[in-house]
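Read off the chains here:
There are 2 protein chains.
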Amino acid sequence: MSLVKRIFHTFAKAFAEQMIRPGEKLPSVRLCAHMFQISPSTIVAAFELLKEEGMIESQRGSGFYMSENFIPRAQSKLLRQNSLPMKENMELSIDDSWLLANVYQADNSDYHSVGCGWLPADWYPQQEINKALRDTSKSTQIANYGYGTPYGNENLRIYLAHTLAERSINVRHDNILLTAGASRALDLISSAFLNIGDTVLVDEPGYCNFLSSMLGKHIKLIGVKWTPQGPDTEHMKKILEKENIKFYFTNPWLHNPTGASISLNGAHRLLTLAEKYQLTVVEDDVSGDLLNPGKVTLSALAGLERVIHIGSFSKSISPGLRAGYIVAAPNTLNRLMQYKMMTGLTSSSIIEQVVLNVLQQTSYKKHLKTVRSRLAQAHRDIRKFFEEINWEVFCEPDEGYYVYGRPKEGTTDSRSLAEQARSAGLLFAPGYLFHPDHKNSPWIRFNVAFCQEKKEYLYPFLKKIGKTS
Amino acid sequence: MSLVKRIFHTFAKAFAEQMIRPGEKLPSVRLCAHMFQISPSTIVAAFELLKEEGMIESQRGSGFYMSENFIPRAQSKLLRQNSLPMKENMELSIDDSWLLANVYQADNSDYHSVGCGWLPADWYPQQEINKALRDTSKSTQIANYGYGTPYGNENLRIYLAHTLAERSINVRHDNILLTAGASRALDLISSAFLNIGDTVLVDEPGYCNFLSSMLGKHIKLIGVKWTPQGPDTEHMKKILEKENIKFYFTNPWLHNPTGASISLNGAHRLLTLAEKYQLTVVEDDVSGDLLNPGKVTLSALAGLERVIHIGSFSKSISPGLRAGYIVAAPNTLNRLMQYKMMTGLTSSSIIEQVVLNVLQQTSYKKHLKTVRSRLAQAHRDIRKFFEEINWEVFCEPDEGYYVYGRPKEGTTDSRSLAEQARSAGLLFAPGYLFHPDHKNSPWIRFNVAFCQEKKEYLYPFLKKIGKTS
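Sequences listed follow chains C and P, in order.
Heads up, the first sequence is in my numbering, so the first residue is 1118 and it goes up one at a time.
Heads up, the second sequence is in my numbering, so the first residue is 1118 and it goes up one at a time.
If you are wondering where the hints come from, they were derived from the structure by calculation, not from laboratory data.
Copies of the same chain look alike in the list, so a pair counts if it fits in one copy or across any two.
Here are the simulated lysine-lysine pairs, BS3-like style, with alpha carbons at most 27 Å apart:
1. Lys1334 with Lys1363
2. Lys1142 with Lys1168
3. Lys1342 with Lys1168
4. Lys1525 with Lys1571
These numbers come from a predicted model, not from an experiment.
So here's chain C without its partners, still in its complex pose (with noise of 0.2 Å):
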């Protein structure tokens, strides 16, 4: 029997006799690890089967109790069961999601990539990003030499306040910390504020890399449906109601996969909820710099004290940089500070002076404006194309990167059709992906981007698959 098992039926027998009453507290963790001498990680999987089976509850920041309520059955849903529900100890969840992940996250030239998650190089402000390198190289400032400090470059910063406030967040520079991209902000916050185990809300579908990355943290996901106008708040108050749950990760501008931005009726019913419920939001706006000027926040409507804000420059600048932020209320990013510097001290001095030396030039703006509209011709070229195969889209975003789409009629599973699209040479996105259970879907992402240029594989593709189902 594994050690999990073994825990879990020392406290069910603990239970059936007795030697804990319903609602009195359990020993902590710490201290039943210590008593046992086995490491927390396994009595949190303990717990986690004895919280499954109702036999008891946790309450957050206070520790774990027997149920009120629960009389001992003669036989448990988990004596039933072989296999564990959980693995002991950290294992990563290595599935084809995160193997198909890295696949079309690597440059493969055997095969077109029309479902990634970046630009055809020519598509970056290349010369932006040149011209800043040299300017990178005239400063002998020796901020550019140093570790920088911990919240990352102040002028950066600076300058980043400033541009906010387009987007009606009004914050000073010590709002914002510099990270390494998106994903590593994504990363800090979950381990800075969630124990194995716990429970969160994310858009269903949403972004693959960071559920298989929060599955593999050993972090449970609840899908809230996402839907043209962003979540689906009915769904997630029922979800709500029942759940004791604390956070909700969102990508709600240009959202990955489906291209869909929430409506400002959606943020405002999201944001209600999220107060009733005492959720707080993490705003993923990762491709937020491709919208239209004049879009607000999630963060901008509700206050940092409810919404933590990531930013990125991966989707508009360059994803090679590395480079992103976190706008919050303070003790939430000194704590998050703490996580960057104890995870790996500082972030690039150099990469943030580049990143500011590419803000500063007005032909970044003008660069900004022109992807902008390559992006929405785009959208509007596979719409028309979509329309002429008979293929229904999940909504119409003409700004960022994706398209959903799938066939009217024929196939309900977009897996096999991505699967004949490897064998032509043509790497999909198929919409399981993003669905953190994995389930069917017949949905799939494309990059309206790479759609264009890949134009002369993609159309005969799934014009002749259209003709064949």
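Starting from the known structure of chain C, arrange chain P on it as the hints suggest.
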């Protein structure tokens, strides 16, 4: 030790480490008996001992409680603070070590830091970095604008495989994973292979930020006494005979804080022990590029099945890059790559191109030689001064940043000396920071480059101290 005494000690430790707090109820006698799988009378006997020591009190008919006014002897300052609202298991240990580490990580113009872990700005290869930035700006390679690949820039890895051969590490580029610095590499290794509550061996004294970070992740640390010839293998053997330990994290070359490098014979004895006890050695070789040519590595001696090797460009090129790497066996490296991707995707392709462009300049090799001789001269200077003022040194390295010094007479606690220095405008790195439990230490870590640059402030201060003590 008797069973009763063992139970006594288990609880004494639980009190000392605040698993149970003053006034809190202990698990019942029946529950303890059940959890330890021993008879209730043994628990009662152990509780009697705890009561005699004033650790617990009984309340008639209600059980046992930890005494309100019992103060454990070994209680550290941190345990008394209890300032931050913490998660139950992933607690950060934000203590004075961490804060001080941050103080001397920041550029603080109000103080002259002579204990820090970096170089004066003009000791870095500024010309080479600037040229590398310009060269990077000329390249229009797709790799500079995209995410890059999970393992990192292939050309840099090929170049590294080449130069590692000079340290007798014969590997291919696919044995190398690029990371955002050595600290990030240490974090990836501990995240990928350790569970909360695991115990590992570390150098004592050892790298303070690493110790804080590991304690913050609830890894237990056992210090192996560090000598001028490397780890005390007799001490290590005694620990390994008693405990089942799988990892030893060491910084064997130009050791932080002592400056000592492991002797060849010491390396052989360490690796023989490691093989006998199936210990994996993590060789943090962050300052390796500052060694004079010809030095081997632990990984070269024992191979990658036994040793995980970490390298960095922070000490030789610039910490502002955040660039380092891990050399390991394929399976190990694959797992680390997955953790890297999971916690923030790829490392910066732009920075990696800059690093490669620095390494390929012949003037960089010349620069390295110059820095090595400047450091050697700085070592000789401070040693000469120490002799004048009757200080002793832990050992006499002529390479790297650090020398570990102490007054031969007078003070035995460097903490108060560091406080005096601070009042005089000087930042020291006192020895207690480099012990996991922050025990008193008479030693102080000095950065020889800054000792030379800040001579006019440092020397008079140390002379004055000598006279008044």
